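*Asks:* Sequence:
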Amino acid sequence: MSTGSRARVLAPAKINLGLEITGRRADGYHEIRSVLAMVDLNDELTFTLRDDVYATRIDGMPGIAPEDNLITHAIVAFTSRTGIEVACDVSVQKRIPAPSGLGGGSSDAAATLLILNQLHGCPLQEEEIHRLGASLGSDVPFFLGSPAALASGTGTTLTSLPAPAGCVLIVVPLLDLPAKTAALYSRIRPVDFTDGTNVERIGECIKAGRSIQKEPLTNAFERPLGAIVPGIGDLVRRMSQAGCENVTLSGAGPAHYSIFETENVANDVTQRIKGLLKPSEQLFVAPFRTTPLTVDIP
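For the sequence shown, this note's numbering gives the first residue as 831, with consecutive numbering after it.
Please note that a few of the clues may not be correct.
Said to hold, decoys possible - SDA-like mimics (lysine to any residue), calculated; alpha carbons at most 20 Å apart, straight line:
#, residue 1, residue 2
1, 1104, 927
2, 1037, 1010
3, 1044, 1075
4, 1108, 1063
5, 1104, 1094
6, 1108, 1044
7, 1044, 1076
8, 1044, 992
9, 1010, 1054
10, 1108, 1060
11, 1037, 1117
12, 1010, 927
13, 1044, 1010
As the list claims (entries may be wrong) - So the derived label-pair ranges between C-beta atoms look like this:
#, residue 1, residue 2, range
14, 952, 1094, 37 to 43 Å
15, 1106, 855, 38 to 44 Å
16, 1127, 1030, 36 to 42 Å
17, 924, 1056, 23 to 29 Å
18, 1098, 1030, 28 to 34 Å
19, 913, 838, 24 to 30 Å
20, 1128, 1023, 45 to 51 Å
21, 912, 1059, 38 to 44 Å
22, 1053, 880, 44 to 50 Å
23, 1053, 855, 16 to 22 Å
24, 1018, 1046, 15 to 21 Å
25, 992, 880, 39 to 45 Å
The hints are simulated quantities; they were obtained by calculation from the structure and are not laboratory data. Remember, predicted model here, so these are calculated numbers, not experimental data. Glycine included, every Cβ here is placed at the ideal spot set by N, Cα and C.
Produce the complete structure using the sequences and hints provided.
*Replies:* The following block contains the structure:
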């Protein structure tokens, strides 16, 4: 591709339809089971190639230091793997709150790898991109594949699933949780371990085309998050009061969600819940995404 070539992608959020930790490995990492599903709440990334090497600029992510930005990490990883010196302008319309447990940073990293690969003539095969994604974070490979998947191991072993039906109502409390995921994992105890069967049941329901709206969706981080943020239970209470069933934590949180069979029903609940939310809480309604992340090159 030549200077001025442009590519755009909508990088979706995800939710965890249950998250179980089955134990701790000898290497210190934890074994998990989770069903991941993309939802149509998207960051929009636009890349434009430049002719001056080492001049990559990222706009639209104020307050996020370059060393904490997974877009930067993905650019560095791509250059290291391919030897291609990347020079581009990156424009980001950030819609997925961070940090929230919705995977926005991982999705942006996956989108970056796909865009750079296509803009530079596809030097990496699909398997190589997945390995590169896994080196950036455990959720990144998921965003490179199907819109839903059963995750196991450290989260990078994926079995594709069809997209669930329905949509989700998501509430994100804006909290200051430094090193959130590490802090929560440090509080995981044997009492939080389960055998993974609840998540596997969710996967079977989705494969069979059955509704998961009323299926119990447990998350191993609920107790540790409650210990760090004692008031988080009040959010669950208010969501339930408005008509949300099976309110569940996504990922390491603090986003909570409820599943609805139709967007119309979710919108009805949205009207009731608006008056119960705090100014620091963000509300989203999004259908499950049915297509994988795709790069658009004009």
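*Asks:* Could you run down the list of hints and mark each one as holding or not?
*Replies:* Comparing the hints with the structure gives:
1. 1104 <-> 927: The hint holds at about 18 Å.
2. 1037 <-> 1010: Status violated; Cα separation ~32 Å.
3. 1044 <-> 1075: The hint holds at about 7 Å.
4. 1108 <-> 1063: Distance ~14 Å between residue 1108 and residue 1063 Cα, so the pair holds.
5. 1104 <-> 1094: holds, 16 Å
6. 1108 <-> 1044: violated, 27 Å
7. 1044 <-> 1076: Since the Cα atoms of residue 1044 and residue 1076 sit roughly 7 Å apart, the hinted pair holds (cutoff 20 Å).
8. 1044 <-> 992: holds, 19 Å
9. 1010 <-> 1054: Satisfied, since the Cα-Cα distance of roughly 11 Å is no more than 20 Å.
10. 1108 <-> 1060: At roughly 16 Å apart (the allowed maximum being 20 Å), residue 1060 and residue 1108 satisfy the hint.
11. 1037 <-> 1117: holds, 18 Å
12. 1010 <-> 927: holds, 14 Å
13. 1044 <-> 1010: Not satisfied, since the Cα-Cα distance of roughly 29 Å exceeds 20 Å.
14. 952 <-> 1094: 37 to 43 Å: holds, 42 Å
15. 1106 <-> 855: 38 to 44 Å: holds, 41 Å
16. 1127 <-> 1030: 36 to 42 Å: 39 Å Cβ-Cβ, so the 36 to 42 Å window holds.
17. 924 <-> 1056: 23 to 29 Å: holds, 28 Å
18. 1098 <-> 1030: 28 to 34 Å: For residue 1030 against residue 1098, whose Cβ atoms are near 32 Å apart, the range 28 to 34 Å holds.
19. 913 <-> 838: 24 to 30 Å: holds, 26 Å
20. 1128 <-> 1023: 45 to 51 Å: holds, 49 Å
21. 912 <-> 1059: 38 to 44 Å: holds, 42 Å
22. 1053 <-> 880: 44 to 50 Å: holds, 48 Å
23. 1053 <-> 855: 16 to 22 Å: Taking Cβ atoms as reference, residue 1053 and residue 855 lie about 21 Å apart, which means the hint holds.
24. 1018 <-> 1046: 15 to 21 Å: holds, 20 Å
25. 992 <-> 880: 39 to 45 Å: Holds, since residue 992 and residue 880 (Cβ atoms, about 40 Å apart) stay within the stated range.
The structure fails to meet hints 2, 6, 13 from the earlier list, while all remaining hints are met.
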